[in-house]
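Q: Residues per chain, in single letters:
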Amino acid sequence: MVSFILKRMGLMFIILFLVSVIIFSLVNVLPGDPALLILGQEASPEAVETLRQEMGLNDPLYVQYFRWVTDVLHGDLGNSYVDNTAVTEILMQKIPVTLELTVISFLIAFFISIPAGIISASRKGTLLDYTSTLFALSGVSIPPFFLGILLIFIFAIGLGWFAPSGYVPFAQDPVQSLLLMILPAVTVGIRLSAELTRMLRSSLLEVLQSDYIRTGYAKGLRERGVIFGHALRNALIPVITVSGLQVGTFLGGAVITETIFAVPGLGQLVVNSILTRDFPVVQGAVMFMAFAVVFINFVVDLLYSFLDPRIKLAGGTK
Amino acid sequence: MELIKVGGIQKEKAISPRKTMFKTMMKRFFQNKLAVVAGIFIVILIFMALFAPVIAPHDPSEQDYSKILKAPSAEHWFGTDEIGRDIFSRVIFGARVSLQAGLISVGIALSIGIPVGLISGFYRGAVDEIIMRITDALLSFPSLVLALALAAVLGAGLENAMMAIGIVLTPNFIRLIRAEVLAHREREYVEAAKASGLRDWRVILIHIFPNTLAPIMVQATLAIASAIISEASLSYLGLGTQPPTPSWGAMLSAGQGYLSDAPWIAICPGIFIFLTVISINLFGDGVRDMLDPKLK
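So the protein sequences, as listed, match chains A and B. Residue numbering for the first sequence follows the numbering used here, starting at 1 and increasing by one per position. Residue numbering for the second sequence follows the numbering used here, starting at 1001 and increasing by one per position.
Hints in this document: simulated from the structure, not taken from any laboratory. Be a bit skeptical, because a hint or two may be false.
To be verified - Calculated lysine-lysine pairs in the BS3-like style (CA-CA distance at most 30 Å, straight line): (1) B:1027 to A:124; (2) B:1023 to B:1033; (3) A:219 to A:124; (4) A:124 to B:1033; (5) A:124 to B:1023; (6) B:1033 to B:1019.
Throw the hints in and build the complete structure from the sequences for me.
A: So, in structure tokens, the structure goes:
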């Protein structure tokens, strides 16, 4: 077990190193001179050159990379070119917003997908199953920006139940914050729930064919007892794994959703910083997202082996 | 073999196994009614894209300031936008952009993914290890974020958006093809081909590659759907197709500001993106069941 964890950690560090190289390379080939961006188009060429020297932009790329990585490891992600605020400070403001969206979206996803998956699997081939399967397929196929716009059109403009956009921090006004978060969270949550419903349905169908389920029925247990007492617990294991692995898809969806609903989170930050060529912010935000995905995948890998002891750990000594 | 009656005597009629397999596959596909309906919709869409100038009742870029924000009518089936352009014509021309984006992006991903995946799976060792770690790193980025960053690096525009989406889709193909090659490389027919003295590239191309085609085709079909969503997303954010070329994503973005006065501007292209993507997904499911029911 220990060797498995060490091996996975080693792998995680290699991936993180490669991720950092990719981000650094990407951002450094983005068109636009950072010195010119800070000083403005009116700045004299001498002033721009001096600033380039000061910022070390004339150094070879590998020198710039190692300087950047060293700073990152010391918790310094640099300052925004737009308003000189520290990137870590900006991230600290944005992360809670996206975290709130994440928690509510996942709650909505579980709330929809668990009953839908159970009904679909236990009533296989019925109208309920087809409806649930069609819902799952539609949820995967509807682009988040279209779903978001539809929700605004129906629930904000048509029925007037929610505001079409905006954000209030949870600590400031929890009720208002939740009300403003519902439409964006449903937008991302629907897609998640579609994926999870598909996963739970197929996983539950497989479990329901197991011998121990037949034994359950033979003992005289009712369907409800068999599903909730025995089948669901095992069927949920792959679902938990998949929801962990969905973090990347979720963050991609958050980029669009936060833009539609003007939610000032990480997603909106990435879009705005790319559009304004604010390199340090792009680097910091994308790096954080990729780190989150790698780390969560690592935790899910470990959790999976704990939850299902049948999983043989590669390189492990179980 | 099939038994037929000729002049009262039963005779065996020889049917080639390939023909029987094709018939079985077609039968399997046509049993999936949803996939057939989806296929018909895709054919209509391709027809729309190919003959857009003939089908579209108006010029998609023609502005008519006397007909700003007009609701759907007999003259303008899907209404008009904020500068009096016909939405129906723009949706028809938008199909060109979306299908082009879907097909070319996946084409780019396949042209990189197939050779890299084949080499990685066949040779294993250090090359495989390096390729897999780079693939892992690329898959760690939320795909839209990576596409967005690449599109920003390459510059806004449809060609660059397609390139960015193609690069983002590539790691998935590398992984799939590598896994398929790994499943085949130890089989007896591959051993036999190697033992007969064939060069590696012939073993890979003639013997292994054809056996990996079924899952590649299924994945490629489904990837077209996700490429269409990605192109529309980039266009929605302003980094994809640039005006005045009509693109469904950009139309949705422009229409969002007029949701209370003229919802048709955003909703009509949105419905088309949804129908296109769900049709491709259903069609892809049908192709999967047709090629290999075990994959279901």
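Q: Now, for every hint given, state plainly whether the structure supports it.
A: Here is how each hint holds up against the structure:
Restraint check for residue 1027 of chain B and residue 124 of chain A: satisfied, since their Cα atoms lie roughly 23 Å apart, inside the 30 Å limit. For the hint pairing residue 1023 of chain B with residue 1033 of chain B, the CA-to-CA distance comes to about 17 Å; that is within 30 Å, so the pair holds. Between residue 219 of chain A and residue 124 of chain A the CA atoms are separated by roughly 23 Å; this keeps the pair inside 30 Å, and the hint holds. A distance of roughly 18 Å separates the Cα atoms of residue 124 of chain A and residue 1033 of chain B; the hinted pair therefore holds under the 30 Å criterion.
Restraint check: the Cα-Cα separation between residue 124 of chain A and residue 1023 of chain B comes to about 29 Å, which is no more than 30 Å; the hinted pair holds. For the suggested pair residue 1033 of chain B and residue 1019 of chain B, the alpha carbons sit about 23 Å apart, so the restraint of at most 30 Å is met.
Violated hints for the displayed structure: none, as all numbered hints are satisfied.
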